[in-house]
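Engineer: So the sequences go chain by chain: A, B and C.
Residues 983 to 1242, numbered by my numbering, are exactly what the first sequence covers, in order.
Residues 50 to 298, numbered by my numbering, are exactly what the second sequence covers, in order.
Residues 716 to 969, numbered by my numbering, are exactly what the third sequence covers, in order.
Hints are supplied without guarantee of correctness; some may be wrong.
Here are the simulated DSSO-like pairs of lysine-lysine, each with C-alpha atoms no more than 30 Å apart in a straight line [claimed, not checked]:
#1 A:Lys1076 - C:Lys804
#2 A:Lys990 - B:Lys71
#3 B:Lys229 - B:Lys155
#4 B:Lys232 - C:Lys960
#5 C:Lys960 - A:Lys1144
#6 A:Lys1153 - C:Lys785
#7 A:Lys1147 - C:Lys737
#8 A:Lys1144 - C:Lys785
#9 B:Lys261 - C:Lys721
#10 B:Lys261 - B:Lys289
#11 A:Lys1076 - C:Lys845
#12 B:Lys113 - B:Lys154
#13 B:Lys81 - B:Lys161
#14 A:Lys1153 - C:Lys960
#15 A:Lys1133 - C:Lys824
#16 B:Lys229 - A:Lys990
#17 A:Lys1147 - C:Lys785
#18 C:Lys721 - C:Lys845
#19 A:Lys990 - B:Lys289
#20 C:Lys936 - A:Lys990
#21 C:Lys828 - A:Lys1153
#22 A:Lys1153 - C:Lys721
#23 C:Lys960 - A:Lys1147
#24 B:Lys81 - A:Lys990
Just so you know, the hints here were simulated from the structure itself, not pulled from any lab data.
Note that the structure is a prediction, hence the values are computed from the model and not measured.
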Amino acid sequence: MIEKKTAKDIIFSILPVVSIAFLFALWVYVSGKNPDFFPTPAMTIERLNDLIKFPVSRISVFGHIWASLQRVLIAFGIAIITGISLGLAMGWNKYVHAFLGPIFEILRPIPPIAWIPLVILWFGVGEFPKILLVFIGSFIPIVLNTFTGVKMVEPIYLNVGKVMKASTLLKLMHIVLPASVPAIFAGLKAALSSGWMVVVAAEMIASRSGVGFLITRGSESYDIALILCGMIIIGIVGAVLSVILTYVERWLCPWRAEQK
Amino acid sequence: MNNENDVKVQVRNLTKHFGDLKVLEDVSFDIKKGEFVCIVGPTGCGKTTFLNLLTKLIEPTSGKILIDGEPADPEKHNLAFVFQEPSAFPWLTAEENIGFGLDIKKADEKYKKSQVDKIISLLGLEKFRKAYPHEMSVSMEQRVVIGRAFAMNPDLLLMDEPYGQMDIKVRYYLEDEVIKLWKEIGSTVLFITHNLEEAVYLAERVLVLSQKPATIKAEFKVDLPRPRSFSDPEFIRIRKEITDMIRWW
Amino acid sequence: MESRAKIKLSLKNISKSFYSRKETFEAINNVSIDVYDNEFLVLLGPGQCGKTVLLNIIAGLETPTQGEVKVEGQKNDGASSDVGLVFQKTAIFPWKTVIENVEFGPLAKGVPKSERRDKARYFIELVGLKGFENAYPHQLSGGMKQRVGIARAYCNDPEVLLMDEPFGALDAQTRYQMEDEVLRIWEKEKRTVIFVTNNIEEAVYLGDRIVLLSSCPAKVKEIYTPDLPRPRDYVDALFLELREKISNNTDLAL
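Isolated chain A, as found in the complex (with noise of 0.2 Å):
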């Protein structure tokens, strides 16, 4: 009895692994009968190795990252800011949910993809219209979520204010909203994964740094080396911030000890 576990136990620890090797073991074979138009690993490697050392466009890649990340963390602090206030005023007060609820419920299926063009066509090419982008694509789903994350706080908590005569200031900072942050931070997370969606694909359109303008530029050139490194760092940037995100909401949330 004993051992049949510890075999299933092993089988569970390689299937990870085994689905990456063969993932892997495809590119190598795929690649390999057309290195033309999908580069070998080998070739990926030599070419994020060549990625560092000399710039695409004068700029260098950690300045086309960093061009990327700037624009995302301006655009979702504010995002922040306001969705998490709009949020709470919504959850807690019903005329101003009667009132915006019903515009976000318009917006809310527009993917932010689709507000490229028009604010492009709006605001041009510069800083501004992409930084304004990801604000969209960020703050409608941190203030849906922090809507809902008010409105599921458990009626006892608040009970308990109202029996303590809590002002409703008071209410909304030590009630309300450290209930609601298992709600925020999911809201934050779908931001987040949205609003890096979105700079990649302003910048493929229409931008001369980033790291979507790292995909424009290998699409041009015919570098397709240099697509799948954009690509490639794409994901681990994005994966890299959700792991972050994770972590501030653990450091902030001592008290959710028991998720481990």
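Keeping the supplied structure of chain A fixed, place chains B and C upon it in accordance with the hints.
Structural biologist: Relative to chain A, chains B and C alone:
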């Protein structure tokens, strides 16, 4: 009460360690066919682990559980459980819930119908045959779950504090009801509880667990006629003795 | 003795109904009770309905359809006097430490930090949780969480302490422990307590007086006065006699 002296369930040297943490150490006891046994222990004695071992959710570090002389196996043996939270299937009516165990074991239709009818009439749930769990009170739902367990005529029926949060009058009523079901169906029952009065009220025998690492500390025979009264001097004596043995508060 | 005792709180003809489109649900029907200063009053009743609503009305969380609550002769609508409320399910804030939870009442009143911390520490020690000031609720057992709830209620300087089946979610043994605890705390810091339970044994163990309520709609069936000195013995003959008597008079709410 039970004419046959055959042993239905044998637990031998049951031990469970989680790494360095010793939860159960060498627990051994027998349950006779058709017997109603209660297990009590101090809070935190490893009751949940004990239960998980009996329901085969986890494997013991050593020791074994035998039913009718063979290793307990959910495939082979008919094991029924009633947990603390009602677990009636929300998508089935009361009578469908009660018949569920029999459906799983592919019982004969006529037999199933007669069992379900019998249980429903014993529980007095005629009017609620076609009701869904969400239309019932918590106590009623739990009664349906208990009815479902008994309907299967299980080899072993395990109950874990099924009446935990109910009000005391309802609790007395349900305890009487479970005795009624038990007498009628004749199942072998192992009832686990923290409530010492409840244990003395229900059991033919009470097994007392010690603190972790838990073993069987003592065994009490409760030979009182039913229905029992909590003010009866002998009842009080047994209850006091068990309480003093377990008391940590 | 009772005629000389001061009345702390009185319920006069309280009725409460809940209206929805489909039906009217009557939870409480004309309940009048006088609660004496510093007594430990138990509200005993079957099932869920009525008792919690009654407590919520006293706490000012709900308004009665009819009738009024008077605290020391003054009409109370929950806005004037302070009440401490210990809830059934754990209602201590999971995101605050023990001391942050306990000091919440004074925080809401604007009491400065060092003063409210000292006060909170006193009550934390009173309930036997000294040393756990900086622990989070998830690190505490069920009984400990309820102690925090009691400390928090006390720290709010309540006129009346309301406890809504505070031990309902605890296992039978921890419950016995907490019953002794709550009496010990109450003896040390006497307040008027209204304690709601559905457990007859608990009621007889704790109460100076026991108000037996019927099942929905809740009415006062009878008031019992256990004339037993404390600490009471669960298996004492008189104790069991009273238990039996009350049990025979209690409604069954299946």
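Engineer: I'd like to know which numbered hints this structure contradicts. Please list them from smallest to largest.
Structural biologist: Violated hints (numbers, rising): 5, 7, 9, 11, 14, 16, 18, 19, 20, 22, 23, 24; every other hint is consistent with the structure.
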